[in-house]
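Number of protein chains: 2
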Amino acid sequence: MLEKIINLLRKEKGYLSGEEISERLGISRAGVWKQIENLRSLGYEIEAFPHRGYRLVSAPDRLLPEEISWELGTEFMGRNIFSFETLDSTMDFAYELGIKKFPEGTIVCSETQKKGRGRLGRNWFSPKYKGLYFSILLRPKILPQEASQLTILSAVAVSTAIKEITALECLIKWPNDILVNGEKVGGILTEMQAEIDAVRFVIIGIGINVNTEKRNLPPQASSLKEEKGEKVSRIELFKGILQKIEKYYLLFQDKGFSPILQEWKRHSSILGHQIKIIAHSKTIEGEAIDLDSQGALLVRKDSGFIEKVLVGDVIKVY
Amino acid sequence: MLEKIINLLRKEKGYLSGEEISERLGISRAGVWKQIENLRSLGYEIEAFPHRGYRLVSAPDRLLPEEISWELGTEFMGRNIFSFETLDSTMDFAYELGIKKFPEGTIVCSETQKKGRGRLGRNWFSPKYKGLYFSILLRPKILPQEASQLTILSAVAVSTAIKEITALECLIKWPNDILVNGEKVGGILTEMQAEIDAVRFVIIGIGINVNTEKRNLPPQASSLKEEKGEKVSRIELFKGILQKIEKYYLLFQDKGFSPILQEWKRHSSILGHQIKIIAHSKTIEGEAIDLDSQGALLVRKDSGFIEKVLVGDVIKVY
Chain X
2 MLEKIINLLR KEKGYLSGEE ISERLGISRA GVWKQIENLR SLGYEIEAFP
52 HRGYRLVSAP DRLLPEEISW ELGTEFMGRN IFSFETLDST MDFAYELGIK
102 KFPEGTIVCS ETQKKGRGRL GRNWFSPKYK GLYFSILLRP KILPQEASQL
152 TILSAVAVST AIKEITALEC LIKWPNDILV NGEKVGGILT EMQAEIDAVR
202 FVIIGIGINV NTEKRNLPPQ ASSLKEEKGE KVSRIELFKG ILQKIEKYYL
252 LFQDKGFSPI LQEWKRHSSI LGHQIKIIAH SKTIEGEAID LDSQGALLVR
302 KDSGFIEKVL VGDVIKVY
Chain S
2 MLEKIINLLR KEKGYLSGEE ISERLGISRA GVWKQIENLR SLGYEIEAFP
52 HRGYRLVSAP DRLLPEEISW ELGTEFMGRN IFSFETLDST MDFAYELGIK
102 KFPEGTIVCS ETQKKGRGRL GRNWFSPKYK GLYFSILLRP KILPQEASQL
152 TILSAVAVST AIKEITALEC LIKWPNDILV NGEKVGGILT EMQAEIDAVR
202 FVIIGIGINV NTEKRNLPPQ ASSLKEEKGE KVSRIELFKG ILQKIEKYYL
252 LFQDKGFSPI LQEWKRHSSI LGHQIKIIAH SKTIEGEAID LDSQGALLVR
302 KDSGFIEKVL VGDVIKVY
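Residue numbers (the numbering used here), protein chains in the order written: chain X, 2 to 319; chain S, 2 to 319.
If you're looking for bench data, these hints aren't it; they were derived computationally from the structure. It is possible that part of the hints are untrue.
Treat identical chains as interchangeable: a pair holds within one or across any two.
Within a straight-line C-alpha distance of at most 30 Å, the following computed DSBU-like cross-link-like pairs (lysine-lysine) qualify [as the list claims (entries may be wrong)]:
hint, residue 1, residue 2
1, 277, 185
2, 248, 12
3, 129, 302
4, 283, 256
5, 302, 142
6, 102, 116
7, 283, 101
8, 129, 309
9, 101, 309
10, 309, 266
11, 102, 277
12, 142, 309
13, 142, 115
14, 232, 14
15, 256, 302
Since this is a predicted model, take the numbers as computed values, not measurements.
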């Protein structure tokens with residue numbers, strides 16, 4: 002009902018009388034008033050003018066499902082949205098939904114996370130109302146060893162969306178960092194439940210520092226606001242990312258991984274560069290020459306020998 | 002307390018008086034009597050003789066934790082045992098324990114399963130009190146693409162244990178079938194929760210038709226009892242399998258996958274044979290020549306070309 006009222010107000014340029022709302026939605030005038038109050042408590046600014054009615058002045062900068070799904074225009078992405086003020090981890094919650102057979106495209110987001118996760122058990126810092134911290138449930142028909150293709154796909158989608166919405170140049174640092182001006186503004190985490198022969202479901206976790214102040218970020222991290230010099234709409238960015246992920250995911254299902262990989266190469270911050278990488282407590286130096294079809298990085302060392310790196314951290318790019 | 006009494010009676014060759022039990026365990030005579038009744042209701046046959054006391058005549062053929070752990074002698078395997086009369090699936094329950102951070106070697110078994118799972122969403126038929134249906138929680142430090150090594154390891158352990166306990170020759174049909182006299186008596190299922198870069202935990206599911214009658218089995222399936230012509234102790238077999246899995250798992254951690262692979266090759270029903278295999282709805286014929294370090298089967302086709310099969314069903318062995 003809340004969503005219905007807010008959508009009515011959104012469509013209406015001017016004022017909408019309580020009577021009209023009451024008629025269109027089949028609820029009492031007192032009911033309308035109560036819902037308006039509820040909306041205000043969520044942060045919607047709604048003007049009430051005697052004899053003319055209500056007018057939506059502004060929507061809150063909050064990850065409310067009705068804000069995310071408004072004109073989202075996707076086929077399946079975001080059809081179920083679970084939005085929280087606070088959660089231990091959107092990954093864990095999405096896992097539960099995966100086990101409970103929720104469909105592809107189910108989204109879990111939270112304004113803050115108490116135990117936000119990064120790769121390999123690291124933490125993801127999630128200051129409240131400042132970033133986007135969300136997980137997406139997918140059910141791709143792939144093998145476990147192909148799951149990193151979805152990290153690649155999501156990185157392409159996120160960097161494309163950031164560029165379209167903020168006009169900032171955005172690059173991907175293998176395997177899962179999103180960079181603006183060489184600084185990390187986001188990361189992608191892919192987890193799965195799988196048999197040997199088949200992935201049962203995948204959870205893509207995305208964390209983006211949107212409006213976080215630099216003083217509230219770990220060193221070497223930045224935010225879109227810091228890089229752009231002005232606030233960025235979290236809702237617009239969220240919707241843009243969901244749309245892009247759906248777009249690339251449908252492309253992936255239709256044409257396979259190859260077009261995604263091509264896109265990734267255009268966005269890579271390291272391909273063609275000399276890099277230093279730590280893999281299994283061993284340091285490898287060389288030129289990042291390619292990414293293979295399973296998401297492994299190929300590094301040509303000074304000896305000329307090409308090493309395939311499945312897991313690692315790029316610590317320096319020359 | 003039940004476990005303490007049964008272990009006292011087990012150690013005692015002759016009779017043990019109620020008074021002595023009461024003293025040794027620090028419980029009342031009435032308490033002893035009550036526990037003896039409880040044990041009887043579990044299926045323990047306990048003789049009571051006036052002025053002499055209690056004597057254990059036989060233990061029930063039931064998967065009780067105190068029976069499984071009695072003289073099990075393992076380091077970590079089976080230190081936690083969850084035993085059920087009935088369960089939807091031991092896999093699902095073990096998954097929950099994995100998420101709740103239970104340690105390696107935690108076991109979930111059930112006398113019957115309502116929704117026993119096989120590979121690729123197939124069913125596993127679990128008639129009550131007839132077979133072994135259990136799951137093992139492991140936390141190996143491996144990549145997702147290495148998880149099939151644990152299917153291989155478990156298949157080696159199961160076939161070795163069956164051979165030692167029943168004296169039946171036991172072979173492994175890639176990827177996960179256990180055969181006696183060419184008939185399927187068991188299967189192994191490996192599932193995991195993983196990041197791209199690291200497995201968080203693995204659940205090994207093992208199903209064995211022990212004392213099931215052929216008429217109660219699907220076609221092409223058999224049981225150890227049918228093949229041997231006499232009943233097999235489920236508890237002895239269970240303990241034997243747990244011991245072998247621990248042994249090979251410790252070897253795996255110490256020396257890597259290579260010695261396990263060698264053992265597997267000795268137990269394979271298909272290596273060196275012409276086979277027909279269905280992989281991704283395509284039929285491949287050729288000689289099964291090897292298994293690679295990620296558990297993929299190498300098939301040399303008539304053309305001489307060697308095909309690497311990651312997922313498939315061997316439908317005929319010549």
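Structure-based check of all given hints:
Taking the closest pair of Cα atoms, residue 277 and residue 185 come within 30 Å of each other only inside a single copy of the chain (17 Å); across copies the shortest separation is 51 Å, beyond that limit. Proximity of residue 248 and residue 12 under a CA criterion of 30 Å is satisfied intra-copy only: 27 Å inside one chain copy versus 68 Å between copies. For the homomeric pair residue 129 and residue 302, neither the shortest alpha-carbon distance inside one copy (43 Å) nor that between copies (59 Å) is at most 30 Å. Only between protomers do residue 283 and residue 256 lie at most 30 Å apart by alpha-carbon distance; the minimum there is 20 Å, versus 36 Å within a single protomer.
When the C-alpha separation of residue 302 and residue 142 is checked against a cutoff of 30 Å, the pair qualifies only between copies, where the shortest distance is 27 Å, while the shortest distance within a copy is 35 Å. For the identical chains of this complex, residue 102 and residue 116 are neighbours both inside a copy (24 Å) and across copies (15 Å), given an alpha-carbon limit of 30 Å. For the identical chains of this complex, residue 283 and residue 101 are neighbours neither inside a copy (40 Å) nor across copies (32 Å), given an alpha-carbon limit of 30 Å. In the homo-oligomer, the alpha carbons of residue 129 and residue 309 never lie at most 30 Å apart, since the shortest distance is 39 Å inside one protomer and 49 Å across protomers.
In this homomeric assembly, residue 101 and residue 309 never come within 30 Å of each other (Cα to Cα): the closest approach is 37 Å inside a single copy and 35 Å across copies. For a Cα distance limit of 30 Å, the shortest separation of residue 309 from residue 266 qualifies both inside one copy, at 17 Å, and across copies, at 28 Å. In this assembly of identical chains, residue 102 and residue 277 lie within 30 Å of each other by CA distance neither inside one copy nor across copies; the values are 42 Å within and 35 Å between. When the C-alpha separation of residue 142 and residue 309 is checked against a cutoff of 30 Å, the pair qualifies both within a copy, at 25 Å, and between copies, at 19 Å.
Taking the shortest alpha-carbon separations for residue 142 and residue 115, only the inter-copy value of 26 Å comes in at or below 30 Å, while the best intra-copy value is 32 Å. Only within a single protomer do residue 232 and residue 14 lie at most 30 Å apart by alpha-carbon distance; the minimum there is 25 Å, versus 81 Å between protomers. When the C-alpha separation of residue 256 and residue 302 is checked against a cutoff of 30 Å, the pair qualifies only between copies, where the shortest distance is 29 Å, while the shortest distance within a copy is 33 Å.
Violated hints for the displayed structure, listed by number in ascending order: 3, 7, 8, 9 and 11.
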